[in-house]
Amino acid sequence: MSFNINSFTDALKSAFLYAPVTLKLTVITFVVAIILGTVIATVRHYRVPVLSQILAVFVTVYMGLPMMVALLLYNLLFMTFYNDVAGALHISVPISDVNPIYIGFFALILGTSCSLSEAVRGAFRGIDKTQYEAGYSIGLTRFQTLIRVIFPQMVPILLPGLQNSLIGLLKASNLVSAIAVTEIMTGALLPSLLYYSYLESYLAAALVYWIIGALIEVLAHFAEKNSGRYLSRAIA
Amino acid sequence: MGSYFSAERFINVFPKIIACLSVNFHIVFWSMLLGTILAIFVAVLRLKEIPVVKQILSVYISFMRGTPLLVQMMIAFYGIPLVLGELFMGLFGINLNRIEPAVFVEIAIILNEGAFLGEIFRGAITSVPAIQTEAGYSIGMTGAQTFFRIVLLQAFKVALPHYGVDFVGVFQNTSLVFTLGVVDVLGKAKTLGAATGHTLEGYIAATIIYISFSLLLKGSFLLVEKRLIGGRAYVV
Numbered sequence: 001m002s003f004n005i006n007s008f009t010d011a012l013k014s015a016f017l018y019a020p021v022t023l024k025l026t027v028i029t030f031v032v033a034i035i036l037g038t039v040i041a042t043v044r045h046y047r048v049p050v051l052s053q054i055l056a057v058f059v060t061v062y063m064g065l066p067m068m069v070a071l072l073l074y075n076l077l078f079m080t081f082y083n084d085v086a087g088a089l090h091i092s093v094p095i096s097d098v099n100p101i102y103i104g105f106f107a108l109i110l111g112t113s114c115s116l117s118e119a120v121r122g123a124f125r126g127i128d129k130t131q132y133e134a135g136y137s138i139g140l141t142r143f144q145t146l147i148r149v150i151f152p153q154m155v156p157i158l159l160p161g162l163q164n165s166l167i168g169l170l171k172a173s174n175l176v177s178a179i180a181v182t183e184i185m186t187g188a189l190l191p192s193l194l195y196y197s198y199l200e201s202y203l204a205a206a207l208v209y210w211i212i213g214a215l216i217e218v219l220a221h222f223a224e225k226n227s228g229r230y231l232s233r234a235i236a
Numbered sequence: 237m238g239s240y241f242s243a244e245r246f247i248n249v250f251p252k253i254i255a256c257l258s259v260n261f262h263i264v265f266w267s268m269l270l271g272t273i274l275a276i277f278v279a280v281l282r283l284k285e286i287p288v289v290k291q292i293l294s295v296y297i298s299f300m301r302g303t304p305l306l307v308q309m310m311i312a313f314y315g316i317p318l319v320l321g322e323l324f325m326g327l328f329g330i331n332l333n334r335i336e337p338a339v340f341v342e343i344a345i346i347l348n349e350g351a352f353l354g355e356i357f358r359g360a361i362t363s364v365p366a367i368q369t370e371a372g373y374s375i376g377m378t379g380a381q382t383f384f385r386i387v388l389l390q391a392f393k394v395a396l397p398h399y400g401v402d403f404v405g406v407f408q409n410t411s412l413v414f415t416l417g418v419v420d421v422l423g424k425a426k427t428l429g430a431a432t433g434h435t436l437e438g439y440i441a442a443t444i445i446y447i448s449f450s451l452l453l454k455g456s457f458l459l460v461e462k463r464l465i466g467g468r469a470y471v472v
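Order-wise, the sequence lines are chains D and G. The opening residue of the first sequence carries number 1 in my numbering; numbering runs sequentially from there. The opening residue of the second sequence carries number 237 in my numbering; numbering runs sequentially from there.
If you're looking for bench data, these hints aren't it; they were derived computationally from the structure. Using N, Cα and C, we set each Cβ at its ideal position, and we do this for glycine too. Heads up, some of the hints might be wrong.
[Claimed, not checked] FRET-style restraints, in silico, Cβ to Cβ:
id: 1; chain 1: G; residue 1: 381; chain 2: D; residue 2: 142; range: 56 to 62 Å
id: 2; chain 1: D; residue 1: 143; chain 2: G; residue 2: 243; range: 45 to 51 Å
id: 3; chain 1: D; residue 1: 136; chain 2: G; residue 2: 401; range: 31 to 37 Å
id: 4; chain 1: D; residue 1: 142; chain 2: G; residue 2: 290; range: 30 to 36 Å
id: 5; chain 1: G; residue 1: 373; chain 2: D; residue 2: 35; range: 51 to 57 Å
id: 6; chain 1: G; residue 1: 397; chain 2: D; residue 2: 133; range: 29 to 35 Å
Use the sequences and the hints to build the structure in full.
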């Protein structure tokens, strides 16, 4: 067994073919998780009774659960209970027609929302109390103050952390390979099923991830610069 | 849930699964020990800014940050025997293809941690004021003595919160090792499930074990942090 450049290029092509699946998983999860995470953080920041306590316990406990375990557990629960639930709701789609990517979405969104909510909570702490008072003083409601004054100022605080979360999410999306979703890694492995060229396939997968990760870093750098511009204007 | 989940099976399966936690901690221990040492070297070399080494290290860190751990593990598993197999066979008479997969997992995590912890330590070392180094020199310590006895210890204190998060992350990442056939907590849950046909109990046991030990590790790091921060007040 030695390194075969042809298998490597085959794997690379195959991996690029499945890159959209990984990108879809990453981007959709990221957008939904930012929204959910912000909602969770806001509820906890304003100390909404009962709800904030429940969320605090949930986030703390859920952060202790590795993504892989969560994925396998949800996949198993789905397999076990799909027929009963679908039967009760009169859904006639057989279980074999349901794309397992939805389980991936569910697990990734839940996990990422929890970790992002902690980041947003940290950003809340970075905003001075006077900013709220300024909003109220010119007659904005609580909600308006939050949307128009507080959130825009949180963006530059959040951005460096968000870049890390996005790359982390890109890497975590790799785990859905364990529940039979074909993404970059399993895509790269397809040619190796014929030639047993595993090393070439995994190196190809690594290269594709690396390229996407580098692109994210470039984009984040650009975004950070831009948001910094707004920040300096806000302070001046 | 009746036939799907039985408390009796759960009680039966739980001790068997928690017994495999030693495998996880074995991996965590060796990876963190050697990973920390590697990380200190990486951090120091990055700070020295030696021409060629600097570029090599930034590529290394970029690769480790940009590709999923699972892919890195697989590359270690298939790549190391291919590259170093004949060398080890000739020198030590060790057949790398026969070595336990856990070793390759450890190598992958050590290299991964070298990059991640290296960045953490680099930030921590730069945060130690320059007068501390000067103080060391002023009483006649050599460069290495000053670094190990004065700068590094203070840097550890700064790095500790991140180190704790990273440590818990490594523990959670050990849930990936079952993909290489290592029988850890999750691997045992899977094999027991395959043997008995009842997977749910095993997965729930794994979930409980992961959550409780993650929280335990997190809590103990917080305790250590509190103690050390208490001592820091009069250092500054």
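Each hint, compared with the structure:
Between residue 381 of chain G and residue 142 of chain D, the C-beta spacing of about 58 Å keeps the proposed range 56 to 62 Å intact. In this structure the supplied range 45 to 51 Å holds for residue 143 of chain D paired with residue 243 of chain G, their Cβ-Cβ distance being about 47 Å. Checking the proposed 31 to 37 Å range against residue 136 of chain D and residue 401 of chain G shows it holds: the Cβ atoms sit about 36 Å from each other. Range check, residue 142 of chain D to residue 290 of chain G: about 51 Å between beta-carbon atoms, so the 30 to 36 Å window is missed.
As the Cβ distance of residue 373 of chain G to residue 35 of chain D is approximately 53 Å, the hint placing it in 51 to 57 Å holds. Our hint of 29 to 35 Å for residue 397 of chain G and residue 133 of chain D holds, since their Cβ atoms are close to 31 Å apart.
The structure does not agree with numbered hint 4 stated previously, though it agrees with all others.
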